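This is what each chain is made of:
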Amino acid sequence: MGRLGRRPREDLGPGALPTAISSLSRALRGGLGPETFRKAKFDLPEAVAELWSLLFSLLWPIHQEGAVAPRDPPDALEGQIRFVKWVLCCYGYGRRHFYQLSEDGSYGSYELLLAFSWLLVYLSLPERFLCLNCVHQGDDAWICLCKDLASYPVSLALGGKGRVDIRYVQWLLGKLRFQWRSLYASQQEQCTLLNKIHLYTRGCHPDPSVGHLSVPELELLRFPESSKQLLQQLESENSCLEAFLEWKHMELVYWQWMDTVMDANPIGIPNAGKQDVFLPEILQYCSPKYITGEMDRVQKNLEALRQRLQETVNQQRAAWHTKVSRCSRRLPRLSELSTAMMKEIQETVGCELAALEQGCEVKSWSHRLQRLVFREAGEPSNSGTHQMTKVIQVLRREEASLEKTFRRLQEECQQELAILARGLEGVIWILPPYQRW
Amino acid sequence: MLPASCSHRLVTELQGALAACQKKEEALQQSIARCRVLLQPWEVPSPPSPEPARSTETKPAHEPTPKELKELELLNQALEKALQVRKGICQVQSSKSASSGKTAPSLVTAQAGPGARPRTSNPKACVPAKPPPTSQRDSGRLKKPARASSHRGKAPGNALTHARQPENSMPIEGPSLCPLPSQGQVPGLPTSTPVSVLREAGATGPSPGPEEGKIQPGLRSEAFTLKEKGTQLQLPLFYKKIASRNSSLWAQVQHYQSSADTAVAAAKAHFMERMKVTFDLPGPAISLAEIQEEVNRLDQACHLLTQHLEEALDVNGEAATASLSWEQEYHRLVTLEGLQAAVERHLLRLRELRDAEEQWLGPRPVESSLWGSALCLGGKGSSGSTNHIVYSSVEELQTMTALKLRVTMLKQQIHLEKVLMEELLPLVRSENPAGPAQVALYRAIHSQLCEAGERFSILVRDEPSV
Amino acid sequence: MAQSVVVQVGQCGNQIGRCFWDLALREHAAINKKGIYDDSLKNFFRNVDTRRNGDGVDISKGKIRSLKARAVLIDMEEGVVNEILQGPLKDIFDSKQLITNVSGSGNNWSVGYKVFGSQYRDQIVEKLRQTAEHCDCLQCFFIIHSMGGGTGSGLGTFILNVLEDEFPEVYRFVTSVFPSGEDDVITSPYNSVLAMKELNEHADCVLPIENESLFDIVSRINQMVTSGKPGTTVKPESLITLNEGGIKKKLQEKPFDTMNNIVGNLLLNLTSSARFEGSLNMDLNEITMNLVPFPQLHYLVSSLTPLYTLADVNVPPRRLDQMFSDAFSKDHQLIQADPKHSLYLACALLVRGNVQISDLRRNIERLKSALHFVSWNQEGWKTSLCSVPPVGHSHSLLALANNTCIKPTFIELKKRFTRLYKKKAHLHHYLQVDGMEESCFTEAVSSLSSLIESYNELDVTKGLPIHDPLRLNIVI
Amino acid sequence: MSVVTVQLGQCGNQIGYEVFDTICRDLHNSQGFCCKRENEVYQASCKEHFFNEERSGVPVARALLIDMEPKVISQTLLKAARSGRWKYGQHSHFCQKQGSGNNWAYGYSVHGPKHEESIMNLIQKEVEKYDSLRGFSTIMSMAGGTGSGLGAFLTQNLRDAYPNSFIINQIIWPYGTGEVIVQNYNSILTLSHLYRSSDALLVHENDVVHKICAKLMNIKQISFRDVNQVIAHQLGSVFQPTYSSEGSCQYRRNPLGDLMASLVPHPEFKMLGLRNIPQMSENSLSYTTFAWTGLLKHLRQMLISNAKMEEGIDWQVRPPLLGLPALEKVPHNKESHFNTSIANLVILRGKDVHSADLGGFKDPALYTSWLQPSDAFSEWRTHRAFNKYEKSAALVSNSQFLLKPLDTVIGKAWNMFASKAYVHQYTKFGIEEEDFLDSFTVLEQVVASYCNL
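Residue numbers (our numbering), protein chains in the order written: chain P, -14 to 422; chain D, 313 to 778; chain F, 147 to 622; chain G, -10 to 442.
A couple of the hints might just be wrong.
[As the list claims (entries may be wrong)] Below, in silico cross-link-like pairs of lysine-lysine (BS3-like), each with a Cα-Cα straight-line distance of 25 Å or less:
| hint | chain 1 | residue 1 | chain 2 | residue 2 |
| --- | --- | --- | --- | --- |
| 1 | F | K570 | F | K560 |
| 2 | G | K286 | G | K200 |
| 3 | D | K730 | P | K285 |
| 4 | F | K180 | G | K286 |
[Said to hold, decoys possible] Rough simulated footprint, nothing fancy, chain G against chain P, three-plus residues with beta-carbon under 8 Å:
| hint | region |
| --- | --- |
| 5 | 151 to 158 |
| 6 | 173 to 179 |
Keep in mind that the hints were calculated from the coordinates and are not lab data.
All of these numbers come straight from a predicted model, not from anything done at the bench.
Virtual Cβ for every residue (Gly too), placed ideally from N, Cα, C.
Start from the sequences and build out the full structure, keeping to the hints where you can.
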């Protein structure tokens, strides 16, 4: 395939910056022109509103991606500004000045430009944006698990004193269990249906490595009218991609320009001293309590593991020394032989451990969108595809380890409660009979 | 009654989890509904509206470049290959349709091309899919195709319908390689009927009913299901074109990502550095999001290490240790040492994270957990390349999805268990188990924490009830 | 569907058996109009293609070819069995189903049990096996015998033992004819008590019958028929009045046949719900399950109503209710006992014909206040509804009662036994038989005593205020 | 989407037949009181739920017939085939020659393990016919041996084999007296076992339905068929299609799951009762008109006063005033007329259904202190009338409805158990005294929990 925009760098002339910015803007589907950026460089207020809403429009969908019950985006600028500040804060953008910007959006375009550029690097904003808005042509399969049931807190109107009976908690948990089951059944049904569609349309896809049609493709055929949308989306995506490639090609110019922007520093003040003006308020949304708890747990586990390793290593070392001395007595030439062997072993182990470190190897590609392709066993498959069996293997391993963790936690509770149960006088405690389910 | 803070946290967590499930379920239901519609009989739909798609109107017209033509050629090669594959799959079907097609032309219809007309069909039923000249501006992009389509009635002949080569020889110019229904139309304006997209386009049949949404009873018999005719469907050319352009663009994007431009990278690094130095970004080195992610990673790592340790020790079972060869002994030793080193590294990292976290928060405890789960967006640089994931049976697909769900569920369950432990255990620890309320709480907590809320224990007094 | 095998032992057993088979054939003939061998026929009959060699091949479906009774006929005299083989039923039996001798057991239980038992054991097992092999699901053996004589009582209970050893899974229902007070067999108390021990230990369920009761019933029927109230006549087709040559004038002449017919009907009604369809089926295994609360208390007092059908059918509901009332009256019991004034452990109502659940419930509600049930089984009712009525009736009811009213029969038996045993009368006839010891007598009588004691213990609770036992106390 | 109905034992098979027949008659009922289009969607949805389409065009019930004796099954198959409207699948039944003899232990420990494989295979085969499996609905009596014993065994197996499916057990609660003597034993064994493996027990009390036949349907000589038809009608009024949400015209895709999620999430409360209104003979139906307000007022009073039917409702019962301190423990034998609910589901069908006001069911006073009406109350509606009733309402309630019958059954069984009567019949097949005790404790706990709402 021909590659667009692989032109030599010398092309970058004086008009390059506006071109670069406008392609970036197109890639982000924002209507911002180079002029806005220029204004921002000089901290002109005219650019403020545009930049806020650009940031908002970029960050909102990213944030919503993992969120439950899509909340309505705040209409008022103020709400949007708060949101943007909050997200940046969570990403660890540390410039106080930014957070001190007034929420009426009256000034701060320079700050916003800095923040925007920071996000470009930190979040790989354009790439991410493209992925996020990726048009689905295939039957997509995410192997990635992180977004699956990601939950966001739901704002609550707890009646009365806001206290609930434990039975209500049980009720909710039971409901959740039922929901899981419904999900399971729906998923199974979807699999069956998808497979039918794949099976029935085998050989119809122009790309032989795909072979069959997907749901969006079939819809294109089935509902020519309404499927125009898909085509439009694809077209618009194509132009975004083109713009992105163009941007990539000229990106350097932008960063060079940013250098000058930073030189300009029209505000002058680095960071005002007041640290806590905004942060605590924002951080209400985060839960360090949870993280701290997690850290404690992980630390505990790691330390236990270290302890255990310490002991076993010592034992093992001793065992090995005895073995070596015994062997060397019998085979004096062992040492020569063994040096090579030992090296080999060290290498093998090194590889093994490295593989282990990468443990979630599948995950590296699992976050991506995968087109689901049906191919009967025995049919040849191209390289560059991922086999479901491999995914299943990984998932099984993960399942087993999670189950173990869960059981461990339950046992922990069991032990603690058993101790407490001894305090109940004149009461026989009957545990539920053992059952597989 | 549970204390207010505890109530609030538990209910929030659970409601959140429920809402997440609900959302997922709704999405699934939608996608199921879509599939089901497709699997139901395809009735003859309305003819396309004569209006071209608006979006395409705005597109600047341009001549097909030589490159585009080349792409098309490649595309066609791909199609040819696809055909080979298909041949194998549906030999039976195609031979069947080939033989039956001539005698009983049933399913195939009007060509949707401009003025295209089924040659032997009932004229009443034949509705021109689209007035030919409507879209001069739109067809700009595909002028050649537009021209090519003026071969009236040629369309059914498909270069790829090997079974039924049409009598018309193919025009040599570009797009006619795929003389599909909608030639001459703009991309994004599919006008073909499902019937007409069937491959077996040589024969004729009544064309779509005249009005949208109304299906003439007489035409009902035209309904077909994917099961029967699915393999004869064909994607319209304009779609194929756009799609192929799309994938080539994505490939380039991919390429950019994999091959880092050093100059740009340096410039970016420089920018970040300057931000930090000049503007004194005081924020901690690691963001909360990252901390969370790292902690999770460490947790996972700890798990894997433990597992590996057990495997290493368990290779031959404890009993057989004596009979290990020295190589095995050594292997084990090196492994253990390696693990040890890894653990040390992780602990070190954890310390760093703790420091970072303290910087972040200070001592102030804060409630509610937003970060419990929202963190996939932290995974930077993911890409939207259209990779394939191949499955070979519905069972495999089902197993995968089931496992995926199971893993997600377990994660959620573990998370909830931890929260419940944090909140509930202190309640029973602190108070003396005296009153009935306390005992009831105790029983409920046991069911929640030890039985996953599925079963309950029973407390019976030592003496019978009076 | 499961099958049953009838084992008829001794003179009495074979006489009853003859009536039973005759009635069974008639019942099926009346219902099965198409002549198809169906599941309900399969219960008691094999369908055999006799044109094939010898024993013939069982045909599981299709037209009736030649029906063979699932029965084993055993007697140590030839008389009755020969009669059967020469009578109209000869086609449904063949020689392979018979075991006969000519010597008889001399009204001696030990001759039947010990002598003939060991002598014929292999042969008996062989015949039973053969019969069982023709069944694809053998559920129940019905043993018909009398208690007072030698063969039925001795060999009959011996066979009960054999069945338990050889077919432990198959139910053993015993229809035992108990001797009346003025029995002409002097040793009948010995025989009965010795047999009782075996029944206690090896039967799943015993349906005791007394000739006296049967005789009384027959007399009442006679009276009814001969009284000739205007407009009331016994329908000639009714089952009770029906037998081989069955017409009503013979009633007086051959009371025994009528009496045996009643027992035959008991067995037919007992199995009807298992054989025919209905809205509330009752399989045979449900009888023991519901009516036997403790293993040894498995003696069921039965009553059969209506005994005759009157020609005028003017007030059906009242007659339906009358049927239920009669079933609990002393006069309709097949043994001399009064369940109404004793303690019920459990009660089953097996209804046939066009009777619905509401009729059943109405009558239970109506009757239950007049009955005493044991404290832990205040609602001890088991019911079944079979939609096929008996021939000649629109409906019928078989009531089975596990009731302490059976106790007097046992006490009376024990009394007569003790009277003889105190004098050691006729004892030597028994003791000279190999394997008989005096301990056999003492053990038998103590088995009977403990049975009586069990009933006593229950009887004393009758009429006492009921205290519910304390329930489990849940903390919260 | 699909639910497999498993008909067990004589009772289960007889009722199962009536259920499918009722549904099918409703399908073809011209008096849907709604427009043609709507009727078509309703029919399609119904068919999808309960039947497999066959080439012959005769719908095939998604049901399995299981009994340990052949009579009832062959009759049932025949009746369905003769109806011409629908039939059972060709290989969708399993029977043996000999029943369980009213012995729970025999059904559970003998028939169960012996036929486990065949039955599970049969189920597997049935399930494979569907695009998706939502769950199982078993119909069984708890008095007999096969329905109860084998039913309990099978439910456990279903739970193991299909851990993600919903399982509801339609329990036919025997007459207080006069069916089976050991029915209380069988009942406590059944209930306690189902409490472990089932998700919900929807209870149909014979006594109640019998009274409905007598009082509302005006049937003089009531047969089992009459009783079964009323049960079938009630079940149909719950499980026939309803709109998936307020204002939507889509039909509910997962009624079983939805029902469970709204009624039985708590593991200690799984007993569901069913009430419906109006219920009358077809003759009177044509002379009667209904208003939603009246119907719902009655239904609500039936709920709070625990009336089994429209007739003889105690109108004196009022919900307690809110805000009174919750009583520590109200013993159930105390005369407390008010029936406290955990959760309720009301299903409305028919004309002007959107105008029906269900506010009366959203009163917090109706519910246990720990659930708000928003969690505890759900409603399903459809325009399509059901079974010739222009308007009808059904109520599925998780409430103290069944407290008394349950307590009575436990009490009677306990009395019998105290004297050890009949226990030998069970130990013969491996159900020991401890098993009885386990069952008693579980159920006593359930009673206690329902008392302490």
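Task: Outcome, coverage hint (the region 151 to 158 of chain P, chain G; C-beta under 8 Å; three residues) - done: holds (count 6)
Open item on the list: At least three residues with a C-beta closer than 8 Å to a C-beta of chain G: is that true for the region 173 to 179 of chain P?
Closed with: This one holds; 4 residues, not fewer than the three required, reach chain G with a Cβ under 8 Å.
- [ ] Starting from K180/F, check that the Cα of K286/G is at most 25 Å away, please.
- [x] violated, 57 Å
- [ ] Take a quick look at whether K570/F and K560/F sit within 25 Å of each other, Cα to Cα.
- [x] holds, 15 Å
- [ ] Take the C-alpha atoms of K730/D and K285/P, compute the straight-line distance between them, and say whether it is at most 25 Å.
- [x] holds, 15 Å
Open item on the list: So if I understand the rule, the pair passes when the alpha-carbon distance is 25 Å or less; does K286/G with K200/G pass?
Closed with: holds, 21 Å
Comparing the model with each numbered hint stated earlier shows that hint 4 is the single one that does not hold.
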